[in-house]
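There are 2 protein chains.
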Amino acid sequence: MIRIKFQQSLDELKERLLVMAGLVEQAIQRATEAYTSRDYSLCEQVRNSEPTINRMELEIDQLALDLLAMEHPLAVDLRFILAVIHINVDLERMGDQAAGIAMRVLDLGRQSKVDLPVDIPRLAQLASAMVRKSLQAFIEGDADLAQSVLMLDDQVDEINREAFHSLTTLIKGQPDSAPQALDTLIISRNLERIGDHATNIAEDVIFWVRGADVRHHVVSV
Amino acid sequence: MIRIKFQQSLDELKERLLVMAGLVEQAIQRATEAYTSRDYSLCEQVRNSEPTINRMELEIDQLALDLLAMEHPLAVDLRFILAVIHINVDLERMGDQAAGIAMRVLDLGRQSKVDLPVDIPRLAQLASAMVRKSLQAFIEGDADLAQSVLMLDDQVDEINREAFHSLTTLIKGQPDSAPQALDTLIISRNLERIGDHATNIAEDVIFWVRGADVRHHVVSV
Numbered sequence: 001m002i003r004i005k006f007q008q009s010l011d012e013l014k015e016r017l018l019v020m021a022g023l024v025e026q027a028i029q030r031a032t033e034a035y036t037s038r039d040y041s042l043c044e045q046v047r048n049s050e051p052t053i054n055r056m057e058l059e060i061d062q063l064a065l066d067l068l069a070m071e072h073p074l075a076v077d078l079r080f081i082l083a084v085i086h087i088n089v090d091l092e093r094m095g096d097q098a099a100g101i102a103m104r105v106l107d108l109g110r111q112s113k114v115d116l117p118v119d120i121p122r123l124a125q126l127a128s129a130m131v132r133k134s135l136q137a138f139i140e141g142d143a144d145l146a147q148s149v150l151m152l153d154d155q156v157d158e159i160n161r162e163a164f165h166s167l168t169t170l171i172k173g174q175p176d177s178a179p180q181a182l183d184t185l186i187i188s189r190n191l192e193r194i195g196d197h198a199t200n201i202a203e204d205v206i207f208w209v210r211g212a213d214v215r216h217h218v219v220s221v
Numbered sequence: 001m002i003r004i005k006f007q008q009s010l011d012e013l014k015e016r017l018l019v020m021a022g023l024v025e026q027a028i029q030r031a032t033e034a035y036t037s038r039d040y041s042l043c044e045q046v047r048n049s050e051p052t053i054n055r056m057e058l059e060i061d062q063l064a065l066d067l068l069a070m071e072h073p074l075a076v077d078l079r080f081i082l083a084v085i086h087i088n089v090d091l092e093r094m095g096d097q098a099a100g101i102a103m104r105v106l107d108l109g110r111q112s113k114v115d116l117p118v119d120i121p122r123l124a125q126l127a128s129a130m131v132r133k134s135l136q137a138f139i140e141g142d143a144d145l146a147q148s149v150l151m152l153d154d155q156v157d158e159i160n161r162e163a164f165h166s167l168t169t170l171i172k173g174q175p176d177s178a179p180q181a182l183d184t185l186i187i188s189r190n191l192e193r194i195g196d197h198a199t200n201i202a203e204d205v206i207f208w209v210r211g212a213d214v215r216h217h218v219v220s221v
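Chains A and B, in that order, are what the protein sequence lines are.
If you're matching positions, the first sequence starts at 1 in the working numbering and goes up one per residue.
If you're matching positions, the second sequence starts at 1 in the working numbering and goes up one per residue.
The set of hints was computed from the structure by calculation and includes no laboratory data.
Treat the hints with caution; some may be incorrect.
Since the list can't tell identical chains apart, any single copy or any two copies may satisfy a pair.
Taking lysine to any residue and the SDA-like style, the derived pairs with C-alpha atoms no more than 25 Å apart in a straight line are [unchecked claim]:
1) K14 to T52
2) K172 to L13
3) K5 to S166
4) K133 to A99
5) K172 to L58
6) K172 to E162
7) K5 to P121
8) K172 to V118
9) K5 to R79
10) K133 to E192
Work the whole structure out from these sequences, hints included.
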């Protein structure tokens, strides 16, 4: 009976984290959509979702703490709760990155539109795929799927590196586009960081499921 | 007797976290010193410290996990272990930011030196002060000292905002300095993020000591 109640509490913890994850995914999607569509009401929506995401982070941490204190979980359950504690932090910081993008998109809106040599939609698509896959891996406890997220991170880093170089070259040739280029550079780094957080989540899923730590590509069982 | 052993384990956990913190502080200090002195061997040292910092992160997490599993800590002890788990992540990511700075300093070294309107040493000094104070607060369990870190964060954010604007203006006037200006912009953001991580640490100390969550300026006891 106690065991069933504990399992229900773990399910509730997972459920809450997924609700929060949904809000964060939505914020990322809106922020990048705002970049493409120049629909600035989306930026406002991203900013408005921050307090809710922040509140959920605190509630999830409290629930995890209560479970640790009252249920003394062991092995896979303990690793699950620790994974949730880590993922919770990453989700909240992804939300911050989405808010950062929204801020830069608003800044871009105050300036004339210029063509920039950075494929932000492609970068956004990759970063969002990483987020989606890492969360799917968490939902299903699928370490293989989590592993696939780690590969995507290299692609995101590569695009980001290229963005840095092509924007630098552009600015030299067209100094008037500097403000727009800098905003776009920051957005591309925000997306890279979202990818980093998704990588962290994937690593936490692998740790939870396999009991192996794959962070920093060191495998310690 | 068991209680004494448990206290020793907590002390060991704290000790290890502080050793790691020392390495991270050193990395930040070397990276920012490299910016000023253009001594590129310091950048190499920063990069060389990364594997050790990463390994320590894994070891500390494992130790925290063992303590949770074997000792079933409660209340303030449980909050302490959770604070360590959080701080551990922040320290490792500060190390990443220091490595990021070192990379940009190396890139700056491949270019001609230009005067830039950003006081990186001042920003570095503030960010380092935040790191030092947040760790001091952790060592002493001093929530008031931790609170003072939160104030410094606003200053760092302000300098960073100004850096963005003054570098944009500079680039427009001197497009040839774009590569150096962009490197410096990234460094200033790396330092801002180090300040953010110090803020997180300070908040975790307050949570541990007072049992109150001050993240996002919501106080929940």
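So, going through the hints one by one against the coordinates:
Taking the shortest Cα distances, K14 and T52 sit within 25 Å of each other inside one copy (17 Å), while across copies they are farther apart (33 Å). For a Cα distance limit of 25 Å, the shortest separation of K172 from L13 qualifies neither inside one copy, at 51 Å, nor across copies, at 51 Å. Neither within a single protomer nor between protomers do K5 and S166 lie at most 25 Å apart by alpha-carbon distance, with minima of 56 Å and 58 Å respectively. Taking the shortest Cα distances, K133 and A99 sit within 25 Å of each other inside one copy (22 Å), while across copies they are farther apart (28 Å).
Taking the closest pair of Cα atoms, K172 and L58 never come within 25 Å of each other, the shortest separation being 46 Å inside a single copy and 44 Å across copies. In this assembly of identical chains, K172 and E162 lie within 25 Å of each other by CA distance both inside one copy and across copies; the values are 16 Å within and 22 Å between. In this assembly of identical chains, the alpha carbons of K5 and P121 never lie at most 25 Å apart, being 45 Å within a copy and 55 Å across copies at closest. Both within a single protomer and between protomers do K172 and V118 lie at most 25 Å apart by alpha-carbon distance, with minima of 16 Å and 20 Å respectively.
Taking the shortest Cα distances, K5 and R79 sit within 25 Å of each other both inside one copy (18 Å) and across copies (23 Å). Taking identical chains as interchangeable, the C-alpha atoms of K133 and E192 lie at most 25 Å apart only when both belong to the same chain, with a minimum of 16 Å there against 30 Å between chains.
Taken one by one, the earlier hints fail for this structure at numbers 2, 3, 5, 7, listed in ascending order.
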